[in-house]
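Participant: Listed here are the chains, written in short residue letters.
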Amino acid sequence: MDDRDQELETLPQALVSRLKASDRAQPIVDPRTDRAVLDAARAYFAQRPVAAARYRRRFAMPLGAAAAVLLAVLVVRSFGPEPVALADDVDGSGRVDILDAFALARAARDDASGVAAARIEELGYRVVALDTPRRVP
Amino acid sequence: MGPTDRRSDEELVAICNVGDAHEAARAFETLYRRHRDFVLRVARRFTRDREIALDALQETFAYLLRKFPPVGEGLTLTARLSTLLYPVAKSSAIDAVRKARRYVVGGDEVLAELPAEPAAEAQPIDAALAALSPERREVVTLRFVDDLSLAEIALALDVPLGTVKSRLHLAIKELRGDSRIKDLLGP
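So the sequence lines, in the order shown, correspond to chains L and D. Residue numbers 2 to 138, in the working numbering, belong to the letters of the first sequence in order. Residue numbers 6 to 192, in the working numbering, belong to the letters of the second sequence in order.
Isolated chain D, as found in the complex (with noise of 0.2 Å):
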């Protein structure tokens, strides 16, 4: 039952919902590795922090968990499973970066710079990329490093279709004119 169960997600999900105790902790199990890689890049872009990430990538899957029975009443995919896991990861990736922050500062601080801006030696894409708006590089980096479709960007965000066709057009465009990353860009 490990990267090759060939069961869906919805199967999968189904088996959490009503499967006995070892049946969906098999299931879990499968879900778990199959979308761990996932959670973990989308926690490490608004964290860049190795150790919180994996606080939050453990988070999402604990919130995951919590939807099944005996405590949840269930889940029922009407889209992929990474629609729901984005803003899940997305966000306990943020409030772990808060709490670390918190400890370290002692303070309240409340980080309206996330995500971070890259490390000094970033290559000239990441500088790129990091140059765009949050919510532009946010689009872009779903769209063509996750493959997600425009609409499941839509459903990730929870917002409207146009706002996404929007804010990605306006990043290709300025990716498009940025000079250090001319080479990839081709004739």
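One chain only, chain L, in its complex shape (with noise of 0.2 Å):
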């Protein structure tokens, strides 16, 4: 028996029946004060989103960030320096660079393999041109 009826025991039930159907013998609400109170329950909640709204704002920001990656990396991929062809790296290095041109005029000399000195040349101007090594595709 928990406190609850102990208590109840402290009052006998006819005159906690009595009590509770004097309380209750109160009028009830009428239409007009439901209808006032629910009106403006929906009023209230009108001013949230509907539900498609509200996962199109949930997803919106992750989804925008998502395709703002995606355009940049396409935009640096279009628009970035263009990959060196795979012949200009001479050393086998994975890079064009300064190194390539210097192994072209070794090649050049070592084995007077017809290398023209115009291509060397070419290639030691467009290497120094650049700003950093790129790696070959």
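Think of the hints as simulated: they come from the structure by calculation, not from any bench.
Simulated restraints, written as ranges between beta carbons of each label pair:
1) Ala-69(L) / Phe-43(D): 51 to 59 Å
2) Arg-43(L) / Glu-78(D): 14 to 22 Å
3) Gly-167(D) / Ala-22(L): 25 to 33 Å
Subject to a maximum C-alpha distance of 25 Å in a straight line, what follows is the list of computed DSS-like cross-link-like pairs (lysine-lysine):
4) Lys-170(D) / Lys-187(D)
5) Lys-21(L) / Lys-170(D)
6) Lys-21(L) / Lys-178(D)
7) Lys-21(L) / Lys-187(D)
In this text, a Cβ means the ideal position worked out from N, Cα and C, and glycines have one as well.
Dock chain one against chain two, each of which comes alone in its own frame, and use the hints as you go.
Facilitator: Here you go:
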């Protein structure tokens, strides 16, 4: 038996029933009041977005960010520096830099393979004109 | 979604917190219909006037409404909703009576005698209850009419549990000694 039952025992059931009956014999709510409260609630909650709009708002930011990243990648790939030709990577380092020009010059000197001086010079100028070493695609 | 709605108050409050406009309004309607009579009875105890009690009823649910977004930050129920509604209904009722009296009397009168005395044609049980001090009457009513536990009464009245026990003990003792309700007290 919990404290609630013990307390009820201290007041006879007939008295409790009469207390309840007396309190509940009160006027009931009229429809006008119901309408006023519920209309106010509807107007209040109507300030909220409906479900679809809420979901749109919830996903708009992540989707927008993803689209921006994708666009940036495409733009960089489209307008960025052109990839250099594989043939320019003479030393096979995976990048085209001044060392490739030296390597080309060494090859021309060592085995007299017929590499034109103009080709070496062209590569040298092109490499020097680059800001940073370019990776071979 | 009327009285047959089996969702708990906690679930309905959660929907009012985060649901869309339609869901939240429906959940609030269920809460209103579930607790409306309780709030009106409480307001009626402190006003003894149906129209003023109805004003207090509206004000109580307007208060509850403002707890939810977009104005409020949301509500977390840690106890029965009635323990939250009781002090709001009581305060709204007393304010409504003050306003009504001010309007009629034209002064700035404060109602020290609240709740008002019962009408002359009141039943013996009403007279016996009215003879109790307001604090004891309030505890007896919350305990035996509204079926709140002692802890819930302490929460609703914002007083220590020991105070509730003490008031209830003294109130019951006083009622048992009231000759007007002798026939209800048994042997």
